[in-house]
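There are 2 protein chains.
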Amino acid sequence: MTQLEAAKKGLVTDEMKIVATDEHLPVDQVREAVASGRAVIPCNRAHRAIHPVGVGRIFSTKINANLGRSTTTSGKGDELFKLDVALRAGADFVMDLSVGEDLRSIRQGMLDASPAPLGTVPVYETISRLKGDIPEMNPDLLLDVIREQAEQGVDFMTLHAGLLLRDIPKAMSRVMGIVSRGGAIMTEWMQKNHTENPLYANWDRVMDILAEHDVTVSLGDGLRSGCLADASDAAQFAELDVLGELVRRCRERGVQVMVEGPGHIPFNQIQMNMEREQEICEGAPFYVLGPVVTDIAPGYDHITSAIGATAAATYGASLLCYVTPAEHLGLPDADEVHRGVIAYKIAAHAGDVARGLPGARERDDKMAQARAAFDWKAQFEVSLDPECARKRWQKTRVCTGAEDDDHCSMCGKEFCAVRTSKRIREQTGSNAH
Amino acid sequence: MTQLEAAKKGLVTDEMKIVATDEHLPVDQVREAVASGRAVIPCNRAHRAIHPVGVGRIFSTKINANLGRSTTTSGKGDELFKLDVALRAGADFVMDLSVGEDLRSIRQGMLDASPAPLGTVPVYETISRLKGDIPEMNPDLLLDVIREQAEQGVDFMTLHAGLLLRDIPKAMSRVMGIVSRGGAIMTEWMQKNHTENPLYANWDRVMDILAEHDVTVSLGDGLRSGCLADASDAAQFAELDVLGELVRRCRERGVQVMVEGPGHIPFNQIQMNMEREQEICEGAPFYVLGPVVTDIAPGYDHITSAIGATAAATYGASLLCYVTPAEHLGLPDADEVHRGVIAYKIAAHAGDVARGLPGARERDDKMAQARAAFDWKAQFEVSLDPECARKRWQKTRVCTGAEDDDHCSMCGKEFCAVRTSKRIREQTGSNAH
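For the record, the sequence lines run as chains A and B.
According to this note's numbering, the first sequence is numbered sequentially starting from 70.
According to this note's numbering, the second sequence is numbered sequentially starting from 70.
The hints are simulated quantities; they were obtained by calculation from the structure and are not laboratory data.
Check before you lean on any hint, since a few could be wrong.
Pairs count within a copy or across copies, as identical chains cannot be separated in the list.
To be verified - As a list, the in silico SDA-like pairs of lysine to any residue whose alpha-carbon atoms are at most 20 Å apart: (1) Lys-464 / Phe-443; (2) Lys-77 / Glu-351; (3) Lys-482 / Pro-184; (4) Lys-460 / Thr-142; (5) Lys-239 / Arg-494; (6) Lys-200 / Gly-481; (7) Lys-460 / Glu-405; (8) Lys-261 / Lys-491.
Can you build the whole structure from these sequences, using the hints too?
Rendered as structure tokens:
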């Protein structure tokens, strides 16, 4: 039985209990959200190391770190190291997007090492087995790969099932065309074989496999915009309508489902995009990549996209897929993975504060109190990246004293406003809240 | 005659012409915006190296880089080097916030080297002359410093004139109290001397000096919030009301004026803050610091604040004061200055795109076209930080070929979506826009 099937029958699973505890919510509220499809708990029982995590608007916003080798760079050891870096930095979900050789072994290594739910894009392995020969893909091979990965323990899978033959011309007239790896693969296959999307055409068979292993579908956005000029266009929204249809079919079949979203989107269009997805997909958790709010900053796309991700988390997203500083330039290394995760922890948390999620601001308030008290140790402890903060502070520390120095090198002792403010309070007998 | 006085009389100055050319606007529109106070052109004739820059919603959003030594760290050479770094990275404005010794010389060095308008906070020099003894400050000394700096060529000055005696208790009951250096100085002085804010009390005298040299006032927000818990509170808005009054007095006197704003603000309160300032200060250009949207990420406050700054630029700010990764931890070094400027160039540009500023998206579109064509050279040229982008791309380049490689190490050749998309287009005879 899937989490969705259990929830519909009124059953509370162990996974729901864990999520309820972690989120400080009554378990019935978790069960109801899962039953309605507004929340998912991607959790494959074959993934032994897993600690279940909930995705949905009633929970805190989660972040995903994409990992995985490319055909030209990196290998199993590198990717397992990056996995460790991502988890330590706070990634809630990870995806193994490896292509090329050695895929089953890399995936198994990640499943063994990751308490975070693990996702994949099965068409990558399918095409890897064909050495990149996309037109040669047999739909049965694709389904075999999905089954094998489900049996192996993958918790959620990105399936580009909503990109239909009829919508390809809409994408081809864009500036950037198709920028989704999976979307481009499906498109070339359909085009060469003059045949409908094999996932869409075989959706009942796909759902049977997923239901058996309780693999959560992440409906891929093969037609997400790859630049601001292509944002919120006919291609993107044509696919979204199909995703809405597939959400309904998944829910009827008892398969947990979330929906992936854009992409490159101007800041002012993000709220509209979030609301449109929520409406068309009837509240299915929205899993967004970025969005990137300007195209002109390669090397800094963790920032361009953390800006968009904060707006996305505020207005409707439940899971944020990180973008690293290497985006548009190369495969991220471990340091870039770290920086991507931290940027997204910021976005997720800022979004939670902005949407008024109960308890979200507590950590900020602890930091404020620690700052007012010059308690540097407490400041570092409550920091998203304690090591980074501590190192930077120590770099220009002037006094050799303990960690209760009452200023930093920015203003120095005489010009520290917090220090002056504290003195005024002491003089006037005012007390902080 | 100040730019404002000239504009009111219907006169077009050379500075207005330069701004009109740079902003691709008719000069009459620039003159009208200056006349109404909705735009300012900070430009002191004694600043020989200046290239005039306009601030206001009809122009592109500008960014400011804070520079200057603290009492414990850095010196003239360091700060001149940072100035060069900031200007090269694209800073439109710079402020010299130096405290301690050697202030006149540091400032002169910056004025000589900077085509960007230069701002200061005169109370810093005043208190530096008193070796940090705040209660000893004589209002006449503060006015003398303002006059000397105006004569020297400072283009705009932050004056914390809106923080009144009656509003101090509101600030003292906060979690973080006062976090503005200038605000804390004014407050301690008022408190110890039981006397009203010396800038407010002598505002006519202050304006006489500023008008003579056409120094633009930047009305300081001494009561800006220093943490989310203190955001948008009674103290902050009490000061804003006084700033509104001072804006009107400046405009009547012919003194150009902009208004500084918060601070630490949750993402969902930024739009309200921008709109409230615009209303109360009757469209005076809003110069915002960040805002920082979460308190928990020391070491990454260029990101926490670039998120807020993008929203600020979208909803009403005209000038964004950068925040560097060193914020809350120490005085920024040259690399941190660079990173702060780039983060803010992103925020300013993303905001301009979001608010539909004519022409803003052209650069993004050029990038999209270069990406679709695998024209790496063009991609780097249109990048905000070409050197960073090029270096990262070269790091994992697989082919030894020229700069027309049709993929990067992220996906490799077989899995590059843009490459696949290009192939599909060639097969189907589709053309990009």
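Consistency of the hints with the structure:
1. Proximity of Lys-464 and Phe-443 under a CA criterion of 20 Å is satisfied intra-copy only: 17 Å inside one chain copy versus 41 Å between copies.
2. In this homomeric assembly, Lys-77 and Glu-351 come within 20 Å of each other (Cα to Cα) only inside a single copy, at 16 Å, whereas the closest approach across copies is 56 Å.
3. For a Cα distance limit of 20 Å, the shortest separation of Lys-482 from Pro-184 qualifies neither inside one copy, at 46 Å, nor across copies, at 32 Å.
4. Taking the closest pair of Cα atoms, Lys-460 and Thr-142 come within 20 Å of each other only across two copies (17 Å); inside a single copy the shortest separation is 31 Å, beyond that limit.
5. Taking the shortest Cα distances, Lys-239 and Arg-494 sit within 20 Å of each other only across copies (12 Å), while inside one copy they are farther apart (64 Å).
6. In this assembly of identical chains, the alpha carbons of Lys-200 and Gly-481 lie at most 20 Å apart only when taken from different copies (12 Å versus 61 Å within one copy).
7. When the C-alpha separation of Lys-460 and Glu-405 is checked against a cutoff of 20 Å, the pair qualifies both within a copy, at 18 Å, and between copies, at 14 Å.
8. Taking CA atoms no more than 20 Å apart as the test, Lys-261 paired with Lys-491 passes between copies only; the shortest distance there is 14 Å, against 72 Å inside one copy.
Checked against the numbered hints listed earlier, the structure breaks hint 3 alone; every other hint is satisfied.
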